[in-house]
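Sequence order for the protein chains is A and B. Using the working numbering, read the first sequence as starting at 1 and increasing by one per residue. Using the working numbering, read the second sequence as starting at 1 and increasing by one per residue.
It is worth saying that the hints were derived from the structure and are not from the lab. None of these values were measured; they are calculated from a predicted model. Heads up, a few of these hints could be off.
To be verified - With the Cβ distance kept under 7 Å, some of the chain A side facing chain B (calculated, not the full set):
1) Ser22
2) His23
3) Met26
4) Ile55
Glycine included, C-beta positions come from ideal geometry on N, C-alpha and C.
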Amino acid sequence: MSWKDVFSRTRRDRELEEELQSHLAMAVRDRMERGEDADTAAQAVRREFGNRALIQETTRDMWGWTWLERLAQDLRYAARGMRRSPGFTAVAVASLALGIGANTAIFSLVDALMLRWLPVHDPQSLLKVKFSGPIESLSYPVVRVLDEQKEIFSGVAGYSGWTFAVGPSGAIRNVRGALVTGSYYETLGLNPTLGRLLAPEDDLPGAPAVAVITHGYWNRQFSRDPAAVGQSLRIGGVPVTIVGVTPPGFSGTNVGEIADITVPIAALPLVKPEAAGLLGPGNSWLRVLARVKDGMSVQQAGARLSAVWPAVSQRAISPAWPLDRKKGVTDAVIEIQPGGTGSTYLRNLFGKPLLVLMGVVALVLLIACANVANLLLARSAARQREMAIRLAIGAGRGRIVRQVLTESALLSMTGATAGVVLAWFSSNFLVHTLSNDQLPIVFDLTPNTHVLAFTAAVAIVTALLFGLAPALQSTALKPNPRRRSFLLPPLVSVQVALSLLLLIGAGLFIRTLRNLENVDPGFRSEGVLLVDLDGRRSADTRELLDTVRRVPGVLAAAISTHTPLSGSTWSDPVAPAGQPLPKKDNALFIGAGPGFFETMRIPLLAGRGFTDHDANVAVVNEEFARRYFAGRNPVGQHLSGRVRGDAADLEIVGIARNTTQRGLRAAPYPAVYVSYFQLKGDVQGTLEIRAAGALSPLAAQVQRAVQSKLPEASIEVRTLSAQVDRTMAQERMMATLAGGFGTLALVLACVGLYGLLNYGVVRRTREIGIRMALGAQRKGVIAAEVKRAVALVAAGIALGLPVAALAAKGIRSMLFGLAPTDPTTLAGAALVLIAAALVAAYIPARRASRVNPITALRHD
Amino acid sequence: MAKTERYQNRIELIQGTLDMLILQTLRWGAQHGYGISQTIRAGSGDVLQVETGSLYPALHRLEKQGWIKAEWGVSEHNQRAKYYRLTVAGKKQLAAESDRWNQLSTAIAALMNPGESEGPA
Chain A
1 MSWKDVFSRT
11 RRDRELEEEL
21 QSHLAMAVRD
31 RMERGEDADT
41 AAQAVRREFG
51 NRALIQETTR
61 DMWGWTWLER
71 LAQDLRYAAR
81 GMRRSPGFTA
91 VAVASLALGI
101 GANTAIFSLV
111 DALMLRWLPV
121 HDPQSLLKVK
131 FSGPIESLSY
141 PVVRVLDEQK
151 EIFSGVAGYS
161 GWTFAVGPSG
171 AIRNVRGALV
181 TGSYYETLGL
191 NPTLGRLLAP
201 EDDLPGAPAV
211 AVITHGYWNR
221 QFSRDPAAVG
231 QSLRIGGVPV
241 TIVGVTPPGF
251 SGTNVGEIAD
261 ITVPIAALPL
271 VKPEAAGLLG
281 PGNSWLRVLA
291 RVKDGMSVQQ
301 AGARLSAVWP
311 AVSQRAISPA
321 WPLDRKKGVT
331 DAVIEIQPGG
341 TGSTYLRNLF
351 GKPLLVLMGV
361 VALVLLIACA
371 NVANLLLARS
381 AARQREMAIR
391 LAIGAGRGRI
401 VRQVLTESAL
411 LSMTGATAGV
421 VLAWFSSNFL
431 VHTLSNDQLP
441 IVFDLTPNTH
451 VLAFTAAVAI
461 VTALLFGLAP
471 ALQSTALKPN
481 PRRRSFLLPP
491 LVSVQVALSL
501 LLLIGAGLFI
511 RTLRNLENVD
521 PGFRSEGVLL
531 VDLDGRRSAD
541 TRELLDTVRR
551 VPGVLAAAIS
561 THTPLSGSTW
571 SDPVAPAGQP
581 LPKKDNALFI
591 GAGPGFFETM
601 RIPLLAGRGF
611 TDHDANVAVV
621 NEEFARRYFA
631 GRNPVGQHLS
641 GRVRGDAADL
651 EIVGIARNTT
661 QRGLRAAPYP
671 AVYVSYFQLK
681 GDVQGTLEIR
691 AAGALSPLAA
701 QVQRAVQSKL
711 PEASIEVRTL
721 SAQVDRTMAQ
731 ERMMATLAGG
741 FGTLALVLAC
751 VGLYGLLNYG
761 VVRRTREIGI
771 RMALGAQRKG
781 VIAAEVKRAV
791 ALVAAGIALG
801 LPVAALAAKG
811 IRSMLFGLAP
821 TDPTTLAGAA
831 LVLIAAALVA
841 AYIPARRASR
851 VNPITALRHD
Chain B
1 MAKTERYQNR
11 IELIQGTLDM
21 LILQTLRWGA
31 QHGYGISQTI
41 RAGSGDVLQV
51 ETGSLYPALH
61 RLEKQGWIKA
71 EWGVSEHNQR
81 AKYYRLTVAG
91 KKQLAAESDR
101 WNQLSTAIAA
111 LMNPGESEGP
121 A
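Sequences are here, hints too, so could you generate the full structure?
Laid out in C-alpha cells, this is it:
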C-alpha cells in the first residue's frame with residue numbers, strides 16, 4: 001500500500017469502466033454475428049449484464065481499502081466524536097495544549113540556546129579553541145599566533161561582543177556589535193549581501209577603520225539602500241567606513257546577542273582609545289572559532305598544535321611578566337572542541353535551569369496525559385455498548401483499537417497545534433523577561449523544523465501514552481464491570497504524586513528566590529541611579545559630580561570604578577606592610593571617590609571614607625580586617641600591594657561593612673577600597689546617585705545634565721536595584737516557571753481527581769440511592785466520598801514524597817539557604833495539595849449526597 | 001419471463017468454485033473477461049452461466065491475490081480489452097484447488113450414488 005495506490009484510484013475506476021464497456025461491446029458483437037439486429041442485441045446484453053453500478057461497486061470492494069482511506073474514515077469518525085462531546089474535547093485539548101505547549105516552549109529555548117547551528121557555511125566543522133580550564137576566552141596575541149599556524153588551521157576567528165557609541169555628537173546611541181579578528185568572516189565562510197566582508201588586511205595596525213553591518217541593521221537604519229556601503233558611521237567620534245553587509249539570518253556568533261556592527265580589533269584604539277590595552281597579552285577577552293585544514297583530523301591538529309605551542313606562544317606573552325604568569329600561557333593545554341553552535345555566557349547561566357525545566361514540563365505533560373487517559377477511560381466505559389455492537393457485527397479488535405488511537409491522535413494533534421501557538425508567545429515572553437536593556441537577549445523563536453519535529457514526536461508519544469490503555473480496555477472481549485475502572489484510581493494517585501513533585505520543586509525555587517532577596521547586600525540599592533561613563537578620564541569628573549549634585553532631588557552622588565553585582569570586578573595582590581606579597585590576587589579592589597560610602601549607604605565601622613585630598617589611603621572591608629588583622633585595629637596600619645601593576649603603599653583609614661560584590665550567594669571576600677582620584681591613567685567610572693522620591697523623572701534630568709557635560713558619550717541612566725535584580729535572573733526564572741508549572745500541575749491533578757470521583761458518583765448513583773433509601777445520612781455520603789479522595793491523595797503523597805526527596809538532590813546547587821529536603825517546603829506542598837484535592841472532591845461528594853433515592857432506583 | 005427462465009437453468013456455483021474455473025480457463029492462455037465467461041458457458045454445455053456480477057469481482061479478487069495478472073490488449077475484432085493470464089502462483093493455486101475439487105466430487109458422487117460406487121481404494 002502506498003500513496004500511489006491512492007492516486008491511482010481514479011485511474012482504476014476508469015479502467016474498470018472500460019473493461020465492463022469492452023465486455024458489453026464484445027457481447028453485442030457476438031449476438032449481431034448470430035444475426036440479431038443492433039437494438040435487440042444491445043437490449044439483450046444489457047439485460048444479461050445486470051446492474052452495472054452494483055457490479056462496479058462490488059468489484060471495487062475487491063481492491064480493499066488503502067490505509068490512507070481508512071485513516072481518513074477514522075479521522076472523520078473521530079472528529080464527529082469530538083464534536084459530539086464538546087465538554088470532554090475542550091478539557092482534553094486544553095490539558096494537552098498546556099502540556100505540549102509547555103514542552104515546546106522550553107524546548108524551543110533549549111534549541112535556540114544549545115542546539116541550533118550557526119547560520120554559517122558548514123557549521124558542523126567549526127571548532128572552538130580554548131585553554132583547558134573554565135575560561136573560554138583568549139588574548140588577542142594568542143589568537144594571532146593561532147591564526148599564523150596555517151599548516152594546522154585553515155581559518156581562526158577571534159571575536160568579542162562590544163557596545164559601540166554610534167552617532168553624531170549629542171545624539172549618540174549604543175549599538176551592540178562585535179570586535180573581530182581579520183579572518184572572522186573568512187573562517188565562518190559567509191558571503192556578503194552587499195560590498196565585502198572584513199579581511200585580514202583590515203585587522204592590521206594603521207589600517208583604515210572599516211565596519212561590516214548585519215542585514216537587519218542595514219534594513220532598519222538604511223532601508224536597504226545599496227548606497228549604505230561606502231558611507232561612514234561615526235563610532236566613538238571617529239568616522240568608520242561601512243564596507244559591506246552580512247547575509248540575512250546572520251547576527252553574530254554569540255548566541256542570544258545581536259552584533260549589528262563588526263569592527264576589526266585593530267581599529268579599537270581608534271574608536272575607543274582608552275580600551276586599547278585590550279590588544280595586549282594581558283587580557284583574555286576573545287572567544288575563538290576555527291577550522292582545521294582539509295584532510296586533517298581534529299586529533300592531528302591538536303597534537304601538532306601542542307608540539308609547536310611552547311615555541312610560538314613566546315610571541316603571545318609579555319617579557320615583563322613574572323615567570324609563573326608566562327608559564328600560564330606557554331604551558332597551557334589547548335582544547336579543540338566542536339563549536340558549530342556558537343558560544344554564549346547564557347549557556348552557563350541558563351543551561352542547567354533549562355534542562356531542569358525540561359524535566360518539569362515533561363512531568364506536566366505526564367499529568368496532562370494521565371488526565372486525558374482518565375477522561376478517555378471514563379468515556380470508554382460509556383461507549384462500551386457501541387464497542388460491543390461494533391465487535392459483534394464483525395469489526396476486528398485491531399481495527400477498533402486503531403480507531404480509538406486515531407481519536408487519541410486527533411486530540412493530541414489538536415492539542416499540539418494549540419500548544420505550538422501557545423509556546424511561541426510564551427517563549428518570546430520568557431526571553432523578554434530575562435532580557436535587559438544593557439544586554440538584550442535576542443532569540444529567533446519562530447517555530448523551526450527542530451521544534452516542530454520535537455512537538456510532533458511529543459504529540460505522538462503523548463497520544464500513545466494516554467490512548468493505548470483506554471483503547472485496549474474498551475475492546476476487552478469480556479466487558480467486566482469490575483475491570484472497567486481498574487486503571488483509574490492508580491492513575492489519579494500517580495497524578496497526585498507528580499504534582500506533589502512539581503509543587504515541592506516550585507516551593508524550593510520560590511523560597512530560594514526569597515532567601516536571595518532577603519540577603520543583606522551590605523548597601524541600600526533602593527533609590528540609587530547609576531551612570532556608566534565611557535572611561536575616558538576627563539579632567540572635569542569632579543565638576544561633573546557637582547553638576548549632578550545640583551540636580552534637584554539628588555541627595556548624594558559619588559563615583560567609583562566598580563559597582564556591586566555589576567558582573568565586573570578588579571582584583572590585585574595586597575598584604576599588610578612587611579608581609580610577603582601573595583603571588584595570586586587576594587583581594588577585590590574598588591576605586592571609590594568622596595561620598596561613596598554615604599551614597600551607597602555602606603556603613604563605616606571605624607575610621608573614615610575618602611575625601612577630595614586623599615593620597616595613598618585605603619578603606620578595607622570587615623572580611624579583610626578579619627583575615628589580615630585578626631584582633632588588631634587596622635586603622636592607621638599600612639598595606640603594600642600591586643595596584644594596577646604598580647607597587648603601592650596604602651594607609652588604612654577606615655573599615656567598611658562587607659558588601660556583596662560578585663554575587664548574592666558568594667561568601668564575604670576581602671576587599672580594599674582605594675581613592676578613585678588617586679588612580680593613574682584611564683579608569684572606568686560609574687556615577688552613583690542617591691535620589692529622594694521617584695526615580696524615573698530624576699533619571700531623565702540626570703541624563704540631560706551628564707549629557708550636556710559629555711556630548712561625545714552615550715549616556716544611559718539605570719538603577720542599582722535593576723542591577724541587583726539581574727543577578728537573580730536565573731532564580732527568578734526558576735521560581736516563576738516552576739511556580740507556574742506547579743500550579744498548572746495542581747489544577748490538572750485536581751481536574752483528574754474531580755473527574756474520577758464524579759464518574760464514580762454517576763456510576764454508583766443506584767448504590768448511593770439504595771443506601772440513602774435505607775437511611776444513610778447526607779453527611780455520611782459526603783464523608784464516604786471525601787474518604788475515597790483522601791485515600792487516593794494519601795497514596796499519591798506517599799508515592800511522591802520519597803521521589804521528590806531524591807529528585808530535589810539533583811537541584812541542590814541551584815538552591816540557596818535551604819536543604820533540598822526542607823521540611824517546611826515538603827509539608828507545605830503536601831498541605832496545598834490536600835487542600836486543593838478536598839475542594840476538588842467536595843463537588844462530586846455533594847452531588848452524591850443530593851441523589852434522590854427515587855430517581856436513583858429508577859436509574860438503569 | 002426471460003429472467004425466470006435463466007434462473008431455472010442456472011446452477012449456483014459453490015463459493016470458490018468460480019475462482020477455480022477462471023484459473024482453469026486461463027490455463028490455455030490469456031483471456032478477457034467476456035472470453036472467460038463464454039469459455040465456461042460453452043465448456044459446460046450452457047449449464048454454467050457466469051454472471052458478470054460475480055465474474056468481475058472474482059477476477060479482481062484473484063488479481064489482488066496475485067494468482068492472475070491483467071494487461072490491456074486488443075481482441076481479434078480490434079476491440080481494446082483487459083486480458084488476464086495465470087501467474088506462477090496462480091498455477092500452483094489451480095493445482096491445489098483441482099486436487100481438492102477431485103476429492104470433493106468423488107466423495108459427493110459416492111454419497112449420491114452409493115450403488116455405482118466402487119470406491120477409489
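These are the hints, each one checked on the structure:
no.: 1; hint: Ser22; verdict: holds, 4 Å
no.: 2; hint: His23; verdict: holds, 5 Å
no.: 3; hint: Met26; verdict: holds, 4 Å
no.: 4; hint: Ile55; verdict: holds, 5 Å
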